[in-house]
Amino acid sequence: MSNGTLQIKAISGHAGPVPGRDTSRDYDVCKLIDVTTCIGCKACEVACVEWNGYPFRETVFDNTYQTMPDLEWNYYNLIRFNEHIAEDGTFSWLMRKDQCMHCADPGCLRACPADGAIVQYSNGIVDFQQEHCIGCEYCVTGCPFNIPKFNKETKKVHKCTLCSDRVGAGLEPACIKACPTGCLHFGSKDDMKDLAAKRASQLREHTAYKNAGIYDPPGVGGTHVIYVLHDINNPEAYGGLPKDPRVPLLVRVWKRPLKWLGNLAMTAGVLGVVAHYIRYGPKEAVEKKETPK
Amino acid sequence: MSSEAMPLSPASVPAGEIQRYTFQERLCHWFSALTYVYCLLTGLAFYTPYLFWIAVLLGSGATSRFWHPIVGLGFLVSILWMHSLWRRDMTISGKDKQWLDQVNNYATNRDNLVPPQDRFNAGQKLFYWVMFWGTILLLISGLLMWFPEYISFRVAWIRSLAVLTHECAALITIGAFIIHVYMGLFLVPGSGRAMVRGHVPAAWARVHHRLWYDRVAGKPSST
Ligand code: HEM
Ligand code: SF4
Ligand code: SF4
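Top line first, the protein sequences correspond to chains A and B. Residue numbers for the first sequence follow my numbering, beginning at 1 and rising by one. Residue numbers for the second sequence follow my numbering, beginning at 1001 and rising by one.
Just chain A, same shape as in the assembly (with noise of 0.2 Å):
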C-alpha cells in the first residue's frame, strides 16, 4: 500500500466539509485477531512498545498472566488474560489482543471537539493528532470500548494507530510482524473476512467450539480490527469485550440535535432581544405622574 491510503476521510471537531469525505478505497486495512491460536506470549505488546519507541514500562503482577490492569497512554497494547469455565464445566484460559478497535464509526472522533485531533483516513485506520489535542477527553467518553488513554503529564491522549505510520509506508503493523503463531493477520478488510470466516467454520466443523464466529460489531459500523472468537456469544468472557458495542446514546444526542437546538436557540435569543428594542425600546426612567404615598 502507498501513502495514499493516508487520505483523511473524517476530521474531528470540523467546520464545514472533509477533502476526503464519501471516498473508499476498493480495500479497507484490517487487522484479524484469531483469539483461538493466541498462546499469550505478549510478543505483540513488546513490539508495539518497540515500535513507538516508547520505554518498556512497570508491570503490575495480579496474580493472572496480564501485564497490567488496563492499557496506558505509552501502551496501546495488552493481552487480557482470563480463566473461563464453560458451560460443560471444561476450564480454559481465554487470551485476547485488546487494543482500539478502528470503528467505522469511531465515537471517539464524534466526541471530540477539536478541529483535526482525530482523523480517520480513507483506509479506516483512526488515528489521534496529538499536536491538536486539546485534552478534554471527550474521546475517552465517546469511545465504547474504553481505549483512549490520558498522559496526565503532557494532557494529551494516545492509543493504538495501527502502526498507519508503517501501513502508509506499505510495511504491516508491528504486532503483526511479531506473533509467532500467526494468529494475527494483517490486509484487506475483506480479505480478512473471508479468512476469520473459514477459521471460524474450520472451527466449528472439526472442534468443539460450536459457536465460534467473527466479531466485527455492526453497532459501530464494523470495525478495522476483527476477531474470531471460540463463542461468539458470549464476548464479554473475554475481558470485557462489549456484546453490541455503540456510540453511547448520549453522546449522540450530545453531538448531534443538541447542537442544533442549542444554536439555534442560542441565536434566536441574540435575535429577539435586538427585536425587542427595535419594537419597544429602552424603559426611560421618567415619572409618568406623581404618585403620592
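Be a bit skeptical, because a hint or two may be false.
With a straight-line Cα cutoff of 25 Å, these simulated SDA-like cross-link-like pairs (lysine to any residue) come out [to be verified]:
#, chain 1, residue 1, chain 2, residue 2
1, A, K283, B, R1119
2, A, K152, B, N1109
3, B, K1097, B, N1109
4, A, K259, B, A1062
5, A, K155, B, T1048
6, A, K155, B, T1108
Only some residues are given here: those of chain B computed to face chain A with a beta carbon under 7 Å [unchecked claim]:
#, residue
7, I1172
8, V1207
9, L1211
It is worth saying that the hints were derived from the structure and are not from the lab. Backbone N, C-alpha and C fix where the C-beta goes; we use that ideal spot for every residue, glycine too.
With chain A fixed as given, assemble chain B with the ligands onto it according to the hints.
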C-alpha cells in the same frame, strides 16, 4: 452588608442620587461576570466546531481546556459570595407573583400597569436563581468531566450524562444571560451605570424599584 445601611454613604454618592450597590457588591458582580464570560467563551469553543476559533484566540485549545474548569471554580466562588450578599434580597415573595402576572405588560414597556417592586423585581430574582442552580449543576457535571478517567468504565454512562447535563445547564444560563445583558446594558438605561458607579438617580429608583426607594430613601432625612 445589610441593605438598611446602604443609602447612607454620602462620601461617594452625589446629591440627588442614592446608593444602589456597595463596593463589595459591585466587585462581586464583576468578578462573577468576568469568570462567567471566560467560561462561556471557552465553553462555546468546545461546543461547536464553528466557534472553535475562540479557543485559539484565547491562547489555544489546550490553554482554554486547562483554564475553563479552574476559572469555573472562580465563578462558583463568585456565586457563593453573591449568595451571601443577596440571598435575602432575592427571596421570592407573594408580591413577585403579582409582578409575574403582569410580565407581559413589563415586557411591552407598559410599566404603569406593573406593581411596584422592592430592591430587585421578580424577573431579576428569577435570573438570580436560574444562575444559582445552574452553577450547581455546572459544578457537579463539570467536576465529572474534568477527570472522566476516574469514572469506572462500568458506569461509563455517567461520563456522557455529565457532558449532556453540563451543556443543558450552560444553555439555560446562556438564555438567561442574554436577557440579563440586554436589560442591563440596553433596555433599562442607568442600570449598567449603577453596577459600575454604585448609585442611581432618585427618579430611577422611584420608577423601577418603588418599594425599595420608599424603604431606603423615602424618609425625609435622605436626598
Ligand atoms: C462551575 C464550574 C465549571 C467547571 C468545573 C466546568 C468544567 C468543564 C469541563 C471540564 C468541560 C470540558 C472541557 C474542558 O475541560 O474545558 C466543560 C465544558 C463546557 N463548559 Fe464548563 N465548567 C464550569 C462552568 C461553566 C460555565 C459557567 C459555563 C458557562 C456557560 C460553562 C460552559 C461550558 C460549555 C458550553 C462546555 C462545552 C460543552 C460541549 O462540549 O458541548 N461551564 N466545562
Ligand atoms: S475503539 Fe474507541 S478509540 Fe478506537 S476508533 Fe473506536 S471509538 Fe475510537
Ligand atoms: S482529549 Fe480526545 S476528544 Fe479531547 S481534543 Fe484530545 S483527542 Fe480530541
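Structure-based check of each hint:
1. A:K283 with B:R1119: holds (17 Å)
2. A:K152 with B:N1109: With Cα atoms ~55 Å apart, A:K152 and B:N1109 exceed 25 Å; violated.
3. B:K1097 with B:N1109: With Cα atoms ~18 Å apart, B:K1097 and B:N1109 stay inside 25 Å; holds.
4. A:K259 with B:A1062: holds (22 Å)
5. A:K155 with B:T1048: The hint holds at about 21 Å.
6. A:K155 with B:T1108: violated (51 Å)
7. I1172: violated (10 Å)
8. V1207: Holds. Min distance 5 Å.
9. L1211: violated (10 Å)
The structure fails hints 2, 6, 7, 9 (numbered hints given earlier, in ascending order).
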